[in-house]
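Assemble chains Z, E and P with the ligands onto chain D, guided by the hints.
Residue numbers (the numbering used here), protein chains in the order written: chain D, 1 to 228; chain Z, 1 to 228; chain E, 1 to 296; chain P, 1 to 296.
Keep in mind that the hints were calculated from the coordinates and are not lab data.
The C-beta atom is built at its ideal place from N, Cα and C for all residues, glycine as well.
Any given hint could turn out to be false.
Taking lysine-lysine and the PhoX-like style, the derived pairs with C-alpha atoms no more than 20 angstroms apart in a straight line are [unchecked claim]: (1) D:Lys-93 / E:Lys-13; (2) P:Lys-162 / E:Lys-60; (3) D:Lys-132 / Z:Lys-16.
Only part of the chain D face toward chain Z is listed, based on derived beta-carbon distances under 8 angstroms [claimed, not checked]: (4) Ser-37; (5) Gln-86; (6) Gly-140; (7) Gly-141; (8) Glu-163; (9) Asn-167; (10) Leu-168; (11) Pro-170; (12) Thr-172.
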Amino acid sequence: MIHFYHVSKVYQNGVKALKDVTMHISKGDFLFLVGPSGAGKTTLTKLLLREELPTKGQVIFCGKNVARLKSQEIPLLRRKIGVVFQDFRLLPKKTVYENVAFALEVAGGSRQIIKKRVPEALEMVGLADKQKMFPSQLSGGEQQRAGIARAIVNRPLLLITDEPTGNLDPKTSWELIYLLQEINRLGTTVIMATHAWDIVNALKKRVVALSGGQMVRDEKRGAYGYGG
Amino acid sequence: MIHFYHVSKVYQNGVKALKDVTMHISKGDFLFLVGPSGAGKTTLTKLLLREELPTKGQVIFCGKNVARLKSQEIPLLRRKIGVVFQDFRLLPKKTVYENVAFALEVAGGSRQIIKKRVPEALEMVGLADKQKMFPSQLSGGEQQRAGIARAIVNRPLLLITDEPTGNLDPKTSWELIYLLQEINRLGTTVIMATHAWDIVNALKKRVVALSGGQMVRDEKRGAYGYGG
Amino acid sequence: MAMGVNTLAYFFKETARSLFRNTWLSLAATGTITVSLLILGASLLLVINTNRIALDLEQKLEIRVFLVPNLASNQVKQLEKRIYLVPGVARVSFVSKEKAMEDLRRGLGERKDILAGIKKNPLPDAFQVKMARSEQIANAAAQISSLPGVEQVRYGQGTVEKLLLVTRWMRIAGIIIIGALILAALFLISSIIRLSVFARRQEISIMKVLGATNWFIRTPFLLEGVTLGFLGSFVAVVILYFSYWSFVQQVSMFVPFVPLVADQRLLFNLFGGLVGLGLLVGMVGSFFSVRKYLKV
Amino acid sequence: MAMGVNTLAYFFKETARSLFRNTWLSLAATGTITVSLLILGASLLLVINTNRIALDLEQKLEIRVFLVPNLASNQVKQLEKRIYLVPGVARVSFVSKEKAMEDLRRGLGERKDILAGIKKNPLPDAFQVKMARSEQIANAAAQISSLPGVEQVRYGQGTVEKLLLVTRWMRIAGIIIIGALILAALFLISSIIRLSVFARRQEISIMKVLGATNWFIRTPFLLEGVTLGFLGSFVAVVILYFSYWSFVQQVSMFVPFVPLVADQRLLFNLFGGLVGLGLLVGMVGSFFSVRKYLKV
Ligand SMILES: Nc1ncnc2c1ncn2[C@@H]1O[C@H](COP(=O)(O)OP(=O)(O)OP(=O)(O)O)[C@@H](O)[C@H]1O
Ligand SMILES: Nc1ncnc2c1ncn2[C@@H]1O[C@H](COP(=O)(O)OP(=O)(O)OP(=O)(O)O)[C@@H](O)[C@H]1O
Ligand SMILES: [Mg+2]
Ligand SMILES: [Mg+2]
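So here's chain D without its partners, still in its complex pose:
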């Protein structure tokens, strides 16, 4: 479903964030993206979302070259992907409920669907009682969970979670992992960029390791680590 062919990314200020990455992800995969701080994990997910364009190489999603999408195709691409951003990116002027509902509204979801799915998603991440609060009134972990609810609410084809447990206690983290596994079992491809070595080691899923922008490891049933 996803193919990276010799992808390099150099940011405007000259930082080489990715160097010649080639990688394939099939539908239904559950993939851990690991690597030290600044390795290029977030950059990789930005290329998939077309938030950034690759400097070299091709990123293919569902058979289409992401860099060559027409401008009206970009929103359609993004709606197929649910993302938990490392910095949450909640809309500050919307309540938790409205933030989650927004992902459905964007895709033209009907009022019934919104009324049904939003509370479901909030329930799943344990935020049912905070739905009327604004992001600035939430704790770090609660904001993160609001972001997770938003990412899963419209049942995306691909779920990208960037450091989703960074602000969660171990118990909540594991609940989230079970949730992601459940979602994965229902057919959603999951990419999880993470530093949580305990989770990676326990799950024995596919692990792709980046270091300094280079892919240093790709193991089917791997453990946490990135050489060096």
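Relative to chain D, chains Z, E and P with the ligands alone:
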């Protein structure tokens, strides 16, 4: 040095974030603050910084009731405390260097001191080569480290770090912990709110556990956990 | 763009929410639109009224055509017809020398004893010519003076030219001022709208990355712009309306001889135009401001 | 507040940085200040000049005092002195009846033959009285008419009152307009400054929590406000200066009889005042805008 006497905090929307917390921290302590997401850890640090006022009870810092400080004393209080915020709070229009230098400028540090200490601090957190970049150009872990550099640069009396390893890989996390221990050894009191159970368990330092706003545990040489 | 009922409902809900949750931005934008259009509208009224007063003065201008003595009455008729044919002439009326003497006597007032010693009326017969287009007065006078039977032509040479120069200048100045003020209003309104969108650029980029189409993001901003434009210009027009009418009343009470425009139709068009301008700038301003941040 | 050299250097560095890194905000704020002060300045010039023209017209007003026939020359002297003592009178000059006849003859122009039959001059001797303060003309005329030796007083009753009413109205309207425009300029400028601070409220709260004093946060904003205020008003004044001088030149070429204010001193004060206003609003606006977000 720090005393919490029967401190309760109820936010405007009625959320009870802290309930009757009594706790003492001596100069030179190294304290882990643990608890599930939403337990009140960040709220506790906000009371110390006088970002929020307690609804009930007293917070005493260096012999002064924080809630009763005159408005011109508040900046002096804050300059004695270095904080790594959970959401980083870097100034978006300043480079990494300027962000770190700002903590010194605020306190009226001379140009020589700034020129000496800022690169030192950036070196300690491994950001020496990113000093001219703006926060928006940094990876999540790099932003977090910039926040750490800013918190330690003016050698505060008290160092509060709120989830400082949430976006860091294990290796960088441990380097940071060694750095915090070093700083602690030089006399700075350190409070670290965290979910990193492995670090808490390995260090065997004092652990204060909150759950649902209540203090459920306070152990001299404790391990991660908050009952329930 | 195909648009469901849900999307439409979303747009209105969204616009209303944004207006209320960004109270401060909304107020500043409305206020700026109001102030800009107030200044523009007041200046328009000023210019229109100055023009009206100038026109009033101009319409009081006339040419006096003195006839050769003892002209036959059919020659006089003939001449009258010819004067009518001169371009710009609106109305011609005959003033006999008896009527002229009468006028002179009345004009001298209490000093009319001067004329006591005069036996024979020395004044000539004359035509009084009103112009349709006052700028042509000098030309018309020249043409009339060359007609047979005309002895002399008088129209306040000098003073009239001065008056016409001043009124023409005022008209040009009025157009320049109004043009500059329209530009100024556009700048002020679009600045405040751009700044209020700027304050929310982060939100726009988040929406973009969540898969919202440009139109989906833009429409609530456009509706917001239209609403602010309407509110702002409506307030401006209401203020203008009431202050102008009280002004007109004051003037008609204290300086009744100054002719002010009180034509309901014209004022209606003017005020309607202001509201339209407010709406338009609000919408177009929002459109372009948002576009800037849509390129993510 | 004790302030080191470092802090001072920080303030200037900080201000310069902020101006350049927020290019867009800086431009919008400068532009708004320029436009507001341009409108205000142009209106001030308009009002000043209208007043000047009105004054010019008023100064052309005079009272004509006709004397009782055959007054002795010392009685005439006496009367002249008494007229001088009437409040508001500026200048008195004697017009003999011969001079008056001469004037009348000249006034009638080519119709002066009317006077051919008159043997004895029927006109009286008169004084021509200029007023220092034209509002007092009616009062002065009434007082003069009751002096011994005065037969009749004439000052264009009716027309003069009209003129004076109009000029007084214009003065009041001018003051109201300028007052309203000053308020409008204050609103527009402070709105844009508040909005530009609003866009940076997050930064302010971060600084606050890092232990910055209110003054430390505020000073760069104040300096920024002063700089923007100065730049904006300076541009406005330069534009005003050049357009006003070219306007004055145009007028003196094409409608030379319209008296315009070209007093360097007055203009200097006016323009200086505008720059001062810009500076002040920039500073005070920043002060209050920042204060709002300092309560953390
Ligand atoms: N917008 C940008 N402009 C310039 N450089 C950037 C930008 N974004 C990221 N970088 C740089 O690219 C490199 C990779 O960043 P990326 O965010 O992909 O790291 P990461 O693997 O997600 O790290 P972390 O685990 O700390 O989040 C970093 O060195 C960073 O400084
Ligand atoms: N400004 C606020 N207004 C209202 N409620 C708030 C506010 N800030 C925090 N809360 C609520 O107070 C409770 C405690 O929040 P706090 O941020 O202290 O949690 P925390 O222990 O830091 O959690 P985390 O580990 O997720 O960061 C939460 O339930 C949160 O929703
Ligand atoms: Mg990252
Ligand atoms: Mg927290």
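Evaluated hints:
no. : hint                 : in the structure
1   : D:Lys-93 / E:Lys-13  : holds, 13 angstroms
2   : P:Lys-162 / E:Lys-60 : holds, 17 angstroms
3   : D:Lys-132 / Z:Lys-16 : holds, 16 angstroms
4   : Ser-37               : holds, 3 angstroms
5   : Gln-86               : holds, 4 angstroms
6   : Gly-140              : holds, 4 angstroms
7   : Gly-141              : holds, 3 angstroms
8   : Glu-163              : holds, 6 angstroms
9   : Asn-167              : holds, 5 angstroms
10  : Leu-168              : holds, 6 angstroms
11  : Pro-170              : holds, 5 angstroms
12  : Thr-172              : holds, 5 angstroms
Of the numbered hints stated above, none is contradicted by the structure.
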